[in-house]
Amino acid sequence: MAESSASPAPAGRSGRRRPRTTRSAAQRREGETDALGRRSVELSGYYQGKIETVPKVPVRSLADFALWYTPGVAAVSRAIQADPDLSFDLTGRWNTVAIVTDGSRVLGLGDIGPRAALPVMEGKALLFKCLGGVDALPIPIQVSSPDQFIATVEALSPAFGGINLEDIASPKCFGILEELAKRLPIPVWHDDQLGTAAATVAGLLNALELTRRSMSGIRTVLLGAGAANLVTARLLLALGHDPHSLTLVDQRGILHAERDDVDELMLRNPWKYRFALRTNGGGRTGDLAAALKEADVLLAASTPNPDTIRPEHIRSMAPGPIVFALANPVPEIWPDVARSAGAAVVATGRSDFPNQVNNSLVFPAVFRGILDARARSIPDEVVLVAARELARGAARKGLSPHHLLPTMQESAVFPEVAAAVGDAAVRLGIAGKRRTHDEFLERATTLMGRPARLVRALARAHLTPPMPRGGPRDRRTR
Amino acid sequence: MTASNETNPHAPSPPSENPSVPIHLRPAREADIPALVPLLLRLKRLNEEFDPLLKVRDDAGEQGRAVLRSNLADPKGLVLAAEGVGADKDKVVGFVRAIVRERPFYVPEFEGVILDIYLLPLYRRRGVGEYLLREVSAALKGKGAGVVTAEFPAQNEIASRFYAKRGFRPITAIHARSL
Chain A
1 MAESSASPAP
11 AGRSGRRRPR
21 TTRSAAQRRE
31 GETDALGRRS
41 VELSGYYQGK
51 IETVPKVPVR
61 SLADFALWYT
71 PGVAAVSRAI
81 QADPDLSFDL
91 TGRWNTVAIV
101 TDGSRVLGLG
111 DIGPRAALPV
121 MEGKALLFKC
131 LGGVDALPIP
141 IQVSSPDQFI
151 ATVEALSPAF
161 GGINLEDIAS
171 PKCFGILEEL
181 AKRLPIPVWH
191 DDQLGTAAAT
201 VAGLLNALEL
211 TRRSMSGIRT
221 VLLGAGAANL
231 VTARLLLALG
241 HDPHSLTLVD
251 QRGILHAERD
261 DVDELMLRNP
271 WKYRFALRTN
281 GGGRTGDLAA
291 ALKEADVLLA
301 ASTPNPDTIR
311 PEHIRSMAPG
321 PIVFALANPV
331 PEIWPDVARS
341 AGAAVVATGR
351 SDFPNQVNNS
361 LVFPAVFRGI
371 LDARARSIPD
381 EVVLVAAREL
391 ARGAARKGLS
401 PHHLLPTMQE
411 SAVFPEVAAA
421 VGDAAVRLGI
431 AGKRRTHDEF
441 LERATTLMGR
451 PARLVRALAR
461 AHLTPPMPRG
471 GPRDRRTR
Chain B
479 MTASNETNPH
489 APSPPSENPS
499 VPIHLRPARE
509 ADIPALVPLL
519 LRLKRLNEEF
529 DPLLKVRDDA
539 GEQGRAVLRS
549 NLADPKGLVL
559 AAEGVGADKD
569 KVVGFVRAIV
579 RERPFYVPEF
589 EGVILDIYLL
599 PLYRRRGVGE
609 YLLREVSAAL
619 KGKGAGVVTA
629 EFPAQNEIAS
639 RFYAKRGFRP
649 ITAIHARSL
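Chains A and B supply the protein sequences, listed in that same order.
Residue numbers for the first sequence follow the numbering used here, so the first one is 1 and each next one is one higher.
Residue numbers for the second sequence follow the numbering used here, so the first one is 479 and each next one is one higher.
Hint data in this document are derived by calculation from the structure and do not stem from the laboratory.
Heads up, a few of these hints could be off.
With a straight-line Cα cutoff of 30 Å, these simulated BS3-like cross-link-like pairs (lysine-lysine) come out [unchecked claim]:
(1) B:LYS643 x A:LYS182
(2) B:LYS522 x B:LYS569
(3) A:LYS129 x A:LYS182
(4) A:LYS172 x A:LYS182
(5) B:LYS619 x B:LYS554
(6) B:LYS522 x A:LYS172
(7) B:LYS643 x B:LYS522
(8) B:LYS619 x B:LYS569
(9) B:LYS522 x B:LYS621
(10) B:LYS522 x B:LYS554
(11) A:LYS293 x B:LYS567
(12) B:LYS554 x A:LYS172
(13) A:LYS182 x A:LYS293
(14) A:LYS172 x A:LYS129
(15) A:LYS172 x B:LYS533
(16) B:LYS619 x B:LYS567
(17) B:LYS522 x B:LYS533
(18) A:LYS293 x B:LYS569
Chain B side only, calculated, beta carbon under 7 Å to chain A, not exhaustive [claimed, not checked]:
(19) LEU524
(20) GLU527
(21) PRO599
(22) LEU600
Cβ coordinates follow ideal geometry from the N, Cα and C atoms, glycine included.
Whole structure, please, built from the sequences with the hints as guidance.
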């Protein structure tokens, strides 16, 4: 959830030592991350890939191949040639998504290229399957320009029911998504923009409810102006946030219409430029501290560094502020530090703290609903429906400062989100398949539940080898 | 453009008021130079984005002051300052810098060259640029120019489109390579 393009201006160092507990906690967490990394490398060597293709039709004997392949299959091809829409009914296209990346901004690792991005895309495909019941193919591509990226994805699109763009650097990710959404007859999603923004908005809606604030009355600071926050800003405005009360801050400080780099932004990042012109009414200038005075909400999606947001920053905000520190793996301020400085509600991107703002809460359900509705696109209205439904899902279990969003364990919420997305697609007239709410819900429940049964069955049948014990001496060969 | 200046025939006439654009345009004065230089530098830095051969010099600020002073003193020079309205009243939010050049081999004999036009972002896309172009063209005509030209980086498509839409076409090309 971190955005490399959006590190804030360095916070002023007070010279005071950080509390000892924070430091040791940070060190402990760093140690855990290292251990997970070592184990991940070990297991990757053992399993040599996280997904494989598995037949979904009976193959009783070689004779069946005459049905599934030539000569029988030729009639299926002819049918699709006569009616291209049948490619969604007669093949797996309806449920197949391409996870496409150029490897230009992978996790917090930066531009590591398509080969090194593959394990991440495989992991994403695993999440797509296990959480959304979606068949996703990892497709890292070697391209040298956004135009080439766009042309390549367009060329790949006949095989897919949807496109998931992943880990593409900002700002080129905006132009790529816009252009592909325009060109392709299938839905295109960029998780780092839309998934993160939807989860953020869902959490914020509940945080506003908890602190008795309304979207139209708050002053909000967004720290980091990369993929996620620029879309979050767009969604907030769509929800009625006053643009004048919205301030974006990036590594050069407050974004405003007369900032020195504004003409460069006009040429290189028109998405950010538009916010420079529209937001920050009252013409605040300066750094994060200047932006935060009297703000109700801080949504940080910048770079990992627990000193980015200082306790004094939180104290300068309006009483009982909402603070989302979403950089991964290390938030811009540790939650306990933010709370002791007065934050009423704190969210991070991590699963080991309450209120995890996590793309995985969003993309499996959005794709489930979108694919089941055979929607042509994923407009912001649909993204907002997903965010609202996610917020409602958390509220059904009871809102508290520690429960703003459903956890990944609260899986009953996800088919509900999928059904709400399907309904929205039908309502907006972008659905190729019109189903009722109950049909969407039932279908999503079945399809999203199936992979867990599959995984268990494969393990029981010893087709998936059990996980080897940890430790460098435990490495086995297959 | 009816007003003229009796005491200095070279001073630009005050441009006409246009209530539909959110600026007030007037001839620049020596006292405007501190406000004009940052805008001039913004424009030059924008040009730098288009071509490495337009890299802005470290002393561009001093140069800018000197150039503006000389333009203001030059009867062939023309600098107009655009002031904002409302909260930006009395603040210079844009400018035009132009000069009349003789064309020894061609007719019309005098060419009004628009060297710089710059507006702060909040004043763009509101018809101000068009108004500036109209006013500076009239002022250049008043100084004897029979043709108006504009210089900008070849890669600046925004400028190309702006001028093309208003009847300009490329007549001279300047090609460059480093030595």
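Now the hints, each set against the structure:
no. : hint                : result
1   : B:LYS643 x A:LYS182 : holds, 27 Å
2   : B:LYS522 x B:LYS569 : holds, 20 Å
3   : A:LYS129 x A:LYS182 : holds, 27 Å
4   : A:LYS172 x A:LYS182 : holds, 16 Å
5   : B:LYS619 x B:LYS554 : holds, 11 Å
6   : B:LYS522 x A:LYS172 : holds, 25 Å
7   : B:LYS643 x B:LYS522 : holds, 23 Å
8   : B:LYS619 x B:LYS569 : holds, 27 Å
9   : B:LYS522 x B:LYS621 : holds, 26 Å
10  : B:LYS522 x B:LYS554 : holds, 22 Å
11  : A:LYS293 x B:LYS567 : holds, 27 Å
12  : B:LYS554 x A:LYS172 : violated, 45 Å
13  : A:LYS182 x A:LYS293 : violated, 40 Å
14  : A:LYS172 x A:LYS129 : holds, 28 Å
15  : A:LYS172 x B:LYS533 : holds, 24 Å
16  : B:LYS619 x B:LYS567 : holds, 29 Å
17  : B:LYS522 x B:LYS533 : holds, 8 Å
18  : A:LYS293 x B:LYS569 : holds, 27 Å
19  : LEU524              : holds, 4 Å
20  : GLU527              : holds, 5 Å
21  : PRO599              : holds, 5 Å
22  : LEU600              : holds, 5 Å
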